[in-house]
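Participant: The listed protein sequences correspond, in order, to chains A, B and C.
With this note's numbering applied, the first sequence corresponds to residues 136 to 538, in that order.
With this note's numbering applied, the second sequence corresponds to residues 203 to 494, in that order.
With this note's numbering applied, the third sequence corresponds to residues 4 to 292, in that order.
Keep in mind that the hints were calculated from the coordinates and are not lab data.
Computed from a prediction, not measured in an experiment: that's the story for all the values here.
Cβ atoms here follow ideal geometry from the backbone N, Cα and C, with glycine treated the same way.
Among the hints, a few may not be true.
With the C-beta cut set under 8 Å, the calculated list includes, among others, these residues of chain B facing chain C [as the list claims (entries may be wrong)]: (1) P245; (2) T288; (3) S343.
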Amino acid sequence: MSQRPTNDFERIFEELVRDEMTRRHLIRRGAAGALSLSAIAYLAACGETGGGKEESKVIPKGQLSKTLYVANWPLYIDSKNPNKGTLGKFKKKYGASVKYVEEINDNDQFFGKVRQQYDRGSSGGRDLHVVTDWMAGRMQRLGYVQKLDKSQLPNVQKNLLDKLRHPSFDRNRDYTAPWQGIQAGIIYRKDKVKRTPKSVNDIFDPDYKGKTTMLTEMRDTVGLVMLGMGEDPETFSGVDPALKAIDKIDKAAKSGQVRRFTGNEYTKDITKGDSWLIYGWSGDAIQLQADNPNIDFVQPDEGWIYSNDNMQVPVGAPHAFTGEKFIDFVYRPEVQAPIAAYVNYVTPVKGVKEILEKQDPELASSQLIFPSGETLKRAKIFRDLKPDEERKVNEAFQKVIGA
Amino acid sequence: MEAATATVRPAAGRGLAIRIGRRLLHHSLNVYAALALVYLLLPIAIILLFSFNDPRGRFNFVWHGFTLDAWKHPFAVEGLGDAMRTSLEIAALSTIGATILGTLMALALVRYQFRGRAPTNFFIFLPLASPEIVLGASLLSMFLNLGVALGFGTILIAHIMFNVSFVVVTVRSRLIGFDRSVEEAAQDLGANSVQTFLRVTLPLIFPAVLAAGLLAFALSIDDFVITNFNNGSTITFPLFIWGAARVAVPPQINVIAAMIFLVTVFAMILTVWQQRRAEKLASVRPEPEPVA
Amino acid sequence: MEAVQRRKGLLPYLLLAPGLGWLLVFFAIPLGYMAYESLKAGTIDTGFSFSWEFSNYTHAISTYKEQFVRSFEYAGLATLLSLVIGYPLAYVIAFRGGKWRNALLLAVILPFFVTYLIRTLSWETILDDESWVVDTLKAAGLVSNDGRVLDTTASVVAGITYNFLPFMILPLYASLERIDHRLLEAAYDLYGKRRAVFTRVTLPLSMPGVVAGVLLTFIPAAGDFVNATLLGTPRQAMIGNVIQSRFQVIADYPSAAALSFILMGLILVLVLAWARFAGTESLMGSEPR
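Chain A with its partners taken away, still in its complex shape:
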């Protein structure tokens, strides 16, 4: 059972702890605390962590605050300056200055860093964080996020894309609201491949041995390979289909077919020609094309993996109500449009395409930003895995990618 600030005193304490202290004060405090003889005592006290959590209450209506701490991924907003762009508009409308920190580079890394605080019911000052679907699911399971008050989110209710309304990890969107969507598919070098790739299995073509890379993001890689084996990542049952796919990946890695497994680093490889056909993300492809017009992105015939980075309000967020206002604010099409134009990922908000059509018709017609029709039909959202399933699949995958 974790402690959450349940009364005013604890809330005040959390604020005090969170606020900037002078460095001297910090060190003195730290030293004093450390010299106390409670070392053994606290070792014993911090025994239990994790475990099932109870249902959280909905965020109560509150007052708008003067500041808001948003933790997000890099390059996911038009400007980080609280007085410019989207944040500037938010400040104008609601009076809150956003402290926008791009501290999330990797779901697991962020989780590893914040989980101890979240477990104690403190958000470390954060009012919003943005994590991918499956991590959002884990945050909910562990009770690390607060339930959203839908009555405060009319724009979300109205404008959220239909495809995203009932994901398996948060059936009623009680805890999450997508920030941006990501397409995982094939990125390739037009000048290096023998023909335009159409299938996810093209990555296993021996002609491309040593010139392919896959993603370390398990659900994207395994999902794509599963599609190539006739499985549906959205609806498969048990873990066997996933494990079979991982086995296929293992063989490809051992034989050298797959050169390596990467995060965003694949961008360098394919730009330089160290790789020719890879699994990658749509947003990067758009940027890469500017550097090298021979680079293109394709949604394979069997399907592509659609995931989202979701906004959540962590436990102990000091300004949860204002956070909700922010979530709702970015779901106005006119506010979302500049974000979509800058970020170049898949916007979750309806109505943005029409706005951008007037400003930048080429952008508006891109299937990478506004997948529609046939493309959208092939989109697959990897289903939510139960904890023990996730563990099994993760372990198998990690072994393959070298850990």
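Assemble chains B and C onto chain A, guided by the hints.
Facilitator: Frame of chain A; chains B and C shown alone:
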């Protein structure tokens, strides 16, 4: 250099060969060292080069064209300058802290026989051996349990912590075989322990302390894993780069790196100039020429 | 007489106190917490509870033997290479640097200012499959025609070597610098040959520096994971990668902690073995006075 050649003169031909051989050896050593230095600085050259690149997209991997744009607006990337400044501050402070703590420890460990000396000697190696990810998380755990706010202070504490061992090991190697007779002479002349240390010992071991300090500085300014756990929301340069570089590598990063390089070169020239002045002033008492 | 001895008695502890205190608080206590964590069982979802789970250790050793061995191989190789590359450079700086000495030392740590990622990206630029460097290597026969330099064992070891080079050079310099030049002059008078002077005087006197450099390179290199991640394939995975993965991705904190202790233990055993082999003097710098 040939001052100490054998007094017996070999036959003229052999003598020439030997002299040439020796010259070659002498120069080849310099060449080898120069190559090593080039090897060290090769990436810097690439970084410098690409700071002048005119990238078309968000990445700076392929050379497109020469431009001074990035140099004209070096701080155009939001947060880059602040991150660098924070890193430099932390590095400077943690270097001073770790160097002082570590040098004192090295002195104690080398010169005195005391109880617990052997275990302490081994204890010093432990921080070097422990994987940063687990150490960082454990340190975070301790900070949270004590209710310490995460930020500049906690980063600084962590950096001093992992730097101390490096300083101890480096300075210790210098203290071994240190000729105590100079200190004894000073004490005979009436200096107390502190004076002896400050005016005799410290200047003599200064090169090692400097080397240790440089090492600590480098470690601090480059640290990612431990800093990532204990930083709260304070962004240091490595954190910024690791985050940003996943999505974009603007040439401004190269420009900042180049600027640091230039500042360091300037500092280097300064030390050379300063050393020259010192030599000129000391020219009244010439030092024996180094043999090697 | 007694007063002096008593003061001497306290002095080492006084010198030791600040540094040791700092380490005890900010390292030993977290280490203790790590040890406590390593004996827990459970998962992130069911919670972790302390249960003297020694199986974490036995399981770790048996499952990841390969990565442990590989880590020590890579670290050893990288240390050797650093020594070979670094010793001459340290020597030249110490003996022939003159007024450029401090400047050159600064140059040695210069690469660290640009963060690991940027350094590595630069190396990747230099060594990518289609660079002229690799083409030259292929022409020279050092790389097979359909081979590559990046994402191989060679690139991982090269990466480790490069990034730990200053850790070797600086301690070497610290120890070489103190060699009294008059000693060398005397040695020349005695032996007459440059090589003899080196092997009989310079090298032995620089041993503490060699030992320090080797330790400061090998020990952290054994736990490294970034080089294997960015410059290697799954076949180059080191124990650091395993620990990283178990901690961050699997969120299996007990086993990550257990692996860390096993790594630390193995390293210390190696250091102890070397101490016995090389003689504790040069290792510990024991100089009872």
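Participant: Against the structure, test the hints numbered earlier, and report the numbers of the ones violated in rising order.
Facilitator: Number 2 - this is the single hint that the structure violates.
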